Each structure stands twice: as structure tokens, then as C-alpha cells.
Amino acid sequence: MKKLSIFTDGLIKENPVLVQYLGMCSALAITISLNNALGMGVTVILVLLISNIVISLLRKVIPDEIRIPVFIVVIATLVKCAELLLAAYTPSLSTALGVFIPLIVVNCIILGRAEAFASKNSVGASILDALGMGLGYTAALTVMSVLRQFLSTGTINLLNPFTNDLIFEFGVSEGFAAKYAITIFKEPVGAFLMLALIAAFVTWLKSRGKEKK
Amino acid sequence: MNLITLFLSALLINNVVLNQFLGICPFLGVSRNKSSAIGMSFAVMFVILGSSILTYFLYHFVLVPLKLEFMDLITFILVVACFVQFVEMYLKKMLPSLYRSLGIYLPLITTNCVVLYVCLGNISANYNFIEMLVYSIAVPLGFALILIIFSNIRERMENAKIPAPLRGNPAALIIAAMMALAFSGLAGLV
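Residue numbers (numbering that gives the first Met the number 0), protein chains in the order written: chain B, 0 to 212; chain W, 0 to 189.
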């Protein structure tokens, strides 16, 4: 039961983006399309998972005074590997995400979880925590990107990042989209506005739940 | 002329906060009052300028000759982390009141994406030394400009009546959206 709550906390109650306001830079910047959001989400889950495992394994070896630099080196190594792998196997995704791949190093979620959770807990719990937080991050990104892409272009599509084949596409007719698409959601303005509205919605849901009890 | 274009576009048009979405954490975190916003801006400016000069030389005189370009991320983040530690020690000793008001956000400059973004940008854009200096001054200036304007707006908002779910960060993000709208009007400048 307790193990399950470690996992679900990250997903909803302590959602890194919408509740804790961490990792917002990438959440705002790359949520123009569903492709980018999922690519970023999966990369962050993998980096977070491996970094949590490594740091949790090393937690008794790392001296307390220099723990932050050690965490950063571990994370930077993993991110560099991810960057090289993405550039090699999914070149289109790698160009779309651009500088935000190396900037995963300074994504507060990863360092935050290393400091707050993995350095104090067992490997098993750290894996669950990484999966919960990573999926929570991906879920927030997915919701934002679906809404932004749909409102700004009228279609949502998903490409296979390895081959660039279309997996699915869904949308309104082109004429309708040309007339009513709200292109502002593609701009920075729309990113801030969308995140504000989703975060407010989550806050509202949480407060409503509390009143019922 | 080129340098002026570079400066203005990094400062206003491709503003780090409103256009590139970097440094959002300190942007929301320390903008509650003016004095800590100003302190944070100066700390960030100093860290960015110092660490981008260091990483620039490190890259061109150590990593390139040794063909270790792929180590850029790891060395850069270490340089940034050390530099932040240095600034922290200096402020703790010389300006304790500012140190206290910055609180947790000072060590967090390490994870401020703007710093690493400027260091990586200097390399990937192939800037020469002068361009690198101009860019590393313009970007944090843009950050400071937005942070200070934003903290002024937020101080005034303290007394405003806002619906409960929007209180705090959502309202701040909506203000940021409006500022982004205002700044997008400057896009034709260069």
C-alpha cells in the first residue's frame, strides 16, 4: 500500500509540473506538438529512472558535503548519453527538442528527486518514485501539448520517431481549422496561458476534494 | 552593427524568459518582492558572465585540442556548480542580508537553465570572443529586466482579489503570458 502511494503521489497529488511547478522550462517550451512532448517525457523518465537507481545505490558512499556535485555529474553523464543516442537514432526528434535535451541536466525534477528521495531511500522505492514522477511529468506535458496542438492547428498527430511514419492522426477538417484555429497557442503567450489554466484546474480539483472530506 | 543586433535580439526579442522559456523557476520563485528580484538578477548576471568566459576558454583551449568535445555538458555543469558555490560563499561573508533574502534560490542558480543555456549557446553558435561577451551580457540583462518588471507587478497584485484556484502561481503565469504578448510586439525591432 505504501509502495503504491509512492508511485501515485508523483502521478497526481505531487505532480511535478502542475503542483510543484518544477521542470516548467521544458514543459512550456516543447509542448507545441504531441511528438515533442512524448519524446521529452520518455527521455526524462529514462534519465530519472537510471539516475535514481545509481544515486540510491551510491547513497551510503557519497559524502554528504559534496553530494550535489556528485548528483550533477551522474545526471550530466546520463543526459549526454541520451543526447547522443537521440541524435543517432531519432534525428528529427533531436532537432525538434534542440537545446532542451542537454538542458535536462538542469531540470529541477531530476536533481530534486535525487536530493529529496533517492539519496535517502532504497533502490526499489527510488525506482517507483522515478516512475511516478516521470509519468506525472509526461502526463502533464501530454495534456498541455494535446490541447495546444489541437487549438492552434486543429489536428493532433503522432509520428514514429525512429522512422517518421505516421502512427495516428486526428483532426477537424482543414477549412474549419483554417477559419477557427487559435494560432496564439503556438506562441509563448499560449504556453504560459495554457499552463496557468491547467494548474488552476488541478488546484481547483484538489480543493474540491478537500471540501468533500 | 552586428553586435547591436545580437545584443537587442538576445535582450528583447528572443528574451530568455518570455520567448525561450528558461529560468522559469527563479522567475516564479523570487519575484515576490523587488529587493530579492534585484539581488537574484545581479547574482545570475555575475554567474553567467563568469561561467561563460570560463567555459568558452575551457572548450576552445582544452576540449577541442584534446578532441573531447562530447564532454562539454559534463565539464560545463561542473564549472557552473563551482562558480555558484563561489558566489554563495562571497555573499555569505560580504552581504549576509542579501544572502538570507535569496535563501534557497542561490544554490539553485546551478540548476537555472539560463546559465547552462548561455554556455552551450556560445559554443553551438560559434561566437568569437567579443560576440560571446555581448551575448553573455545581453541574455542575463534580459532575464533581469523581466524579473524586475514582473516582481513590481506581483507586489501590486498582493492586494488584488483573485479567484482561489488562480491564487499564486497560476495568476503569475497569466501575467507572464500578458508580458509575453507585450514583448512579442518588439519582434519587428531588428
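Bear in mind the hints are in silico, worked out from the structure with no lab data behind them.
Predicted, not measured: the structure shown is a model, and the values here were computed from it.
It cannot be assumed that every hint is accurate.
If you anchor each label on the Cβ, the simulated ranges turn out as follows [stated by the list, open to error]:
| no. | chain 1 | residue 1 | chain 2 | residue 2 | range |
| --- | --- | --- | --- | --- | --- |
| 1 | W | 177 | B | 208 | 26 to 36 Å |
| 2 | W | 127 | B | 208 | 53 to 63 Å |
| 3 | B | 59 | W | 187 | 50 to 60 Å |
| 4 | B | 205 | W | 93 | 41 to 51 Å |
| 5 | W | 128 | B | 57 | 38 to 48 Å |
| 6 | W | 89 | B | 170 | 50 to 60 Å |
| 7 | B | 208 | W | 13 | 37 to 47 Å |
| 8 | B | 65 | W | 48 | 18 to 28 Å |
Stretch-level coverage of chain W by chain B, calculated; a stretch enters the list once three of its residues show a Cβ under 8 Å from a Cβ in chain B [stated by the list, open to error]:
| no. | stretch |
| --- | --- |
| 9 | 20-26 |
| 10 | 74-80 |
| 11 | 135-143 |
| 12 | 178-186 |
By construction, the Cβ of each residue, glycine as well, lies at the ideal position given by its N, Cα and C atoms.
**Request:** Would you list, in rising numerical order, the hints stated earlier that this structure does not obey?
**Result:** 11
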